[in-house]
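Protein chains: 2
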Amino acid sequence: MSRIELSPSKQRLRLWLKLLRLTRGVEAELRERLRVNYGATLPRFDVMAALFRADEARADHGLTMTELSRALMVSNGNVTGIIERLVEDGFVQRRPDETDRRTTFVQLTEAGKAAFQDMAKAHEGWVNDLLSPLAPAEVDHLIEVLNAHRAARTTPE
Amino acid sequence: MSRIELSPSKQRLRLWLKLLRLTRGVEAELRERLRVNYGATLPRFDVMAALFRADEARADHGLTMTELSRALMVSNGNVTGIIERLVEDGFVQRRPDETDRRTTFVQLTEAGKAAFQDMAKAHEGWVNDLLSPLAPAEVDHLIEVLNAHRAARTTPE
DNA sequence: TGCAGAAATTTTAAGTTTGAAATTTTAGGC
DNA sequence: GCCTAAAATTTCAAACTTAAAATTTCTGCA
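Protein chains in written order, with UniProt numbering: chain A, 1 to 157; chain B, 1 to 157.
Among these hints, one or two may not hold up.
[Said to hold, decoys possible] DSSO-like cross-link-like pairs, simulated, lysine-lysine; straight-line CA separation at most 27 Å:
{"#": "1", "chain 1": "A", "residue 1": "Lys121", "chain 2": "B", "residue 2": "Lys121"}
{"#": "2", "chain 1": "B", "residue 1": "Lys113", "chain 2": "A", "residue 2": "Lys18"}
{"#": "3", "chain 1": "B", "residue 1": "Lys113", "chain 2": "A", "residue 2": "Lys121"}
{"#": "4", "chain 1": "B", "residue 1": "Lys18", "chain 2": "A", "residue 2": "Lys18"}
{"#": "5", "chain 1": "A", "residue 1": "Lys10", "chain 2": "B", "residue 2": "Lys10"}
{"#": "6", "chain 1": "A", "residue 1": "Lys113", "chain 2": "B", "residue 2": "Lys10"}
{"#": "7", "chain 1": "A", "residue 1": "Lys113", "chain 2": "B", "residue 2": "Lys113"}
{"#": "8", "chain 1": "A", "residue 1": "Lys10", "chain 2": "B", "residue 2": "Lys121"}
{"#": "9", "chain 1": "B", "residue 1": "Lys121", "chain 2": "A", "residue 2": "Lys113"}
{"#": "10", "chain 1": "B", "residue 1": "Lys18", "chain 2": "A", "residue 2": "Lys113"}
{"#": "11", "chain 1": "A", "residue 1": "Lys18", "chain 2": "B", "residue 2": "Lys10"}
No lab work stands behind these hints, which were simulated from the structure alone.
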């Protein structure tokens, strides 16, 4: 069971490949379940989740397209298409900014909120299921480690 | 700094969102650097990595399309397109299976191997850089945890 | 042998994703 | 008040991705 000593660099690479494998596997399973149970896609779910969270935080005017693309870490052009299809389905509505005509606010409709809450409940259960091999103590520890990582990345000075 | 006690289910969801954020951020950075420095894309790099690894393990006939799609956890139709473009660029060649005409073997050309080794060296450095906030001991620990996770997922009985 | 079903792959349609270019609007300096 | 730069968004072309259908080939069995 002993393992050959690897350089820190090679170990980080090994970790990266494992992380990628884990997230791809979980994502594939979540996508499949969203599709089968709700006819939804992962990107749409992600967008709706961001809008729902924003709505909880400040139930006023939703998010701008730019806030949305930053929150999801995807390109701005990408968000345009996904929102377009969500609007077609009646889950999202656009609202112009009265004071800045460049900006468009986007928010969930009531139908969108209801649909999201439905999916989110199931989604939480699925994630819990798929990550169930990780004991709660491990989960807490991992969150700590990742918090530290994020702090280090976002505070270069 | 104290945090409200969350249910195991909510904690796993929190971990999942953090993991997603980490991997998306690292992937975005890797994609950008591959593009700028090598004019390559992440999917192409992944495919070449799988083929290179296969070539090291058994330097005979490469991988079949099915082996490739399973190794990368992507759909079979997906691999077809990526391989097509890699063939056009002279990095990959197809070879028919003599005994089974349904099967196509795929392997890196010499140019493909050289190009990959170049990128792989840089890629390892980038990953090391992007994950550098994680100390070697943490990296080892995380690998352990993920190994256990994988074992639990793949051994249901 | 003949044939039903499985297996490997490609094709197709729809959606996602990116990076860059184009468009529209705003802000700030002069 | 103009004019250039910045900001928000959309458009565009190319690539990636999936699930499902179609194609080709093989396998096993009656």
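Tested hints:
| no. | hint | result |
| --- | --- | --- |
| 1 | A:Lys121 with B:Lys121 | violated (43 Å) |
| 2 | B:Lys113 with A:Lys18 | holds (23 Å) |
| 3 | B:Lys113 with A:Lys121 | violated (47 Å) |
| 4 | B:Lys18 with A:Lys18 | holds (16 Å) |
| 5 | A:Lys10 with B:Lys10 | violated (33 Å) |
| 6 | A:Lys113 with B:Lys10 | holds (20 Å) |
| 7 | A:Lys113 with B:Lys113 | violated (50 Å) |
| 8 | A:Lys10 with B:Lys121 | holds (11 Å) |
| 9 | B:Lys121 with A:Lys113 | violated (47 Å) |
| 10 | B:Lys18 with A:Lys113 | holds (23 Å) |
| 11 | A:Lys18 with B:Lys10 | holds (23 Å) |
The earlier numbered hints that this structure contradicts are 1, 3, 5, 7, 9.
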